[in-house]
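Chains as they are written, first to last, in this note's numbering: chain A, 15 to 338; chain B, 17 to 338.
Calculated directly from the structure, the hints in this document are not laboratory data. A couple of the hints might just be wrong.
Selected chain B positions facing chain A (Cβ under 10 Å, derived; list incomplete) [stated by the list, open to error]: (1) Leu126; (2) Ile131; (3) Ala143; (4) Ala146; (5) Ile175; (6) Trp179; (7) Leu285; (8) Ala298; (9) Ala300; (10) Val334; (11) Val336.
Keep in mind it's a predicted model, so treat the numbers as computed, not measured. All residues carry an ideal CB built from backbone N, CA and C; glycine is no exception.
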Amino acid sequence: MREIRYYEALIEAMAEEMRLDENVFLMGEDIGLFGGTFRATEGLMAEFGGRRVRDTPIAEAGIVGLALGAALAGLRPVPELMTMNFAMVAMDQIINHVAKMTYMFGGQCKIPITIRAPGGGGTQKAAQHSHSIESWFVNAPGIRVVIPSTPYDAKGLLKSSIRSDDPVLFIEHEMLYSIQGPVPEGEYLIPLGEADVKRRGSDLTIVAWSKMVHEALRAAERLAEEGIEAEVIDPRSLDPFDWDAVYTSVARTRRCVVVEEGWRTVGVGAEIAARVQEHLFHELDAPVQRVAAADVPLPYARNLEQAALPGADDIVRAALKITT
Amino acid sequence: MDLSRDALLDAYRQMRTIRGFEEKLAELVTAGKLAGFLHLYAGEEAVAVGVCSHLSDRDIVTSTHRGHGHCIAKGVDVRGMMAELFGRSTGICKGKGGSMHIADLDRGMLGANGIVGAGIPLATGAALTAKLKRNGGVAVAFFGDGATNQGQFHEALNIAAVWCLPAIYVVENNGYGEATPTEFVTPVKDIAERAASYAMPSAVVDGMDFFDVRAKAGEAIARAREGGGPTLLECKTYRYYGHYVGDPLTYRRKEEAEEVRQLRDPLDLLERRAVEAGVVDADALRAIDGEVAAELEAAVAWAEQSPLPTADDVLRDVYVSG
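Turn these sequences into a full structure, and let the hints steer you where they fit.
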């Protein structure tokens, strides 16, 4: 199978959906003429023109609010926020409006919006450009949270997100845009809410998403050298969440490590750990371990940034704690 | 007078319905029959009705926390609205929205809105849809003077101007943002001046005068439909009840509302002008008063008899796909 990069997979997904449905359009900062800060909309203005690939002012609340109004009036917008951190500027529209509106209005409207934004640290962009804040949005009902780790998943999930009649926050990762992976020619979809087993193993289950999947796979290789076989489960979407996949795996391995790049306190990992112990208390051989970012604003200096972010070493350490 | 007798009677009926609806709600709250946080539109009727007299179902409006008037002027069923306020399953939003979230997508009414200024980008997005689909529709954002100090106002007007969208921004300047006089928090004399920042046409409108609202909104809407882009209309108006039902009104003179009622009441003004012009007679208007009162009584009775939502309903409608 051919290999393409993560950002190229995203471009293919958007281009295919735009060819299929004239209601799909893109809007965001620097996405048209410039092709996107991370090249994820490169070439789309050339193909679809400025009507459907719209360069906006730097106005995140306006971007999301306009996308919502456009969706309610019959279009299928795919707005881009340049980073997840800028979602904070648009929080009122994302939570108070996009996420709540279907419910507030008694189910009379669908909200077919896919908000794309990259999160993640590791490039020394410091505290206002590097955080992984997916837990905030998973906490709020009404908006789907999709967070792919590979080019294959990115394409199939973005296409499904764009076709969804519920709003989706589609979280990419700055460090993943250039990774390569197999992506078949032609169309395919990955349903939201289906986890993927990224590595089979019998001794413990590592649940990880986005860039942390790759850290977990590195950790699993190192653990294998010590005779410990880790299963790596990538939920791929955090809402809806494939609880069955996690429970089934942990029931078999009896040990679980949850890895996230966001802050540890009240993170998604806390929710997963709580549910696993509620459902599998008697099957567990050890307490569920959490690996996450340090509870600090992400620092600039390279060594400090690395110290604050979770990685394969931390995962190995957590795994050894409950397997030896 | 460019309006037919029927059109004038329709406008009067809508304004009377809004006034009666709001007075009925105040009565129900006082009687302890209604809960919730109610912001009444009484006094501002000419704005919603004057603007919406140019709109049809394909056109979109967004509203505010003070949204009942916009709903009625856009054709939302008053029984469904009343049932919503009573928290019944027959409510327009099945009892899940309440006063600040009444919406009716089929009527192009994208919702009352509890966040000041937040409806403005929504209308702007709906205007983008109209432009991209080339369907001839326009979108109107109604909002208060206070909303023009919010960032979303400026973000949306800037985008609408730069994209030449068919949007009309209607400021209902009632002199107070919540409980603070407008001049305490807004440096411009007329909010319409703010349009200059966006190279956008604007007008100051007598928001108590249905005919002035209708004329200036008509120009703006026609320009938008013809591809001429957005307009900011500042309608100077007044709210009789204060910010919400139960507002102690410590920030304004006791006599102020009564003085406005005597001199500038929008229903009285409409009646005087229409009768003087010989287009309608007072008897026809009194007949409408009676019909509206009966309709509202029936709406209350229907709402009170309607079933409550069931406990199962609490978990429904978070998503459309399961």
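Which earlier hints turn out false for this structure, listed by number in ascending order? Of the numbered hints, 7, 8 and 9 do not hold.
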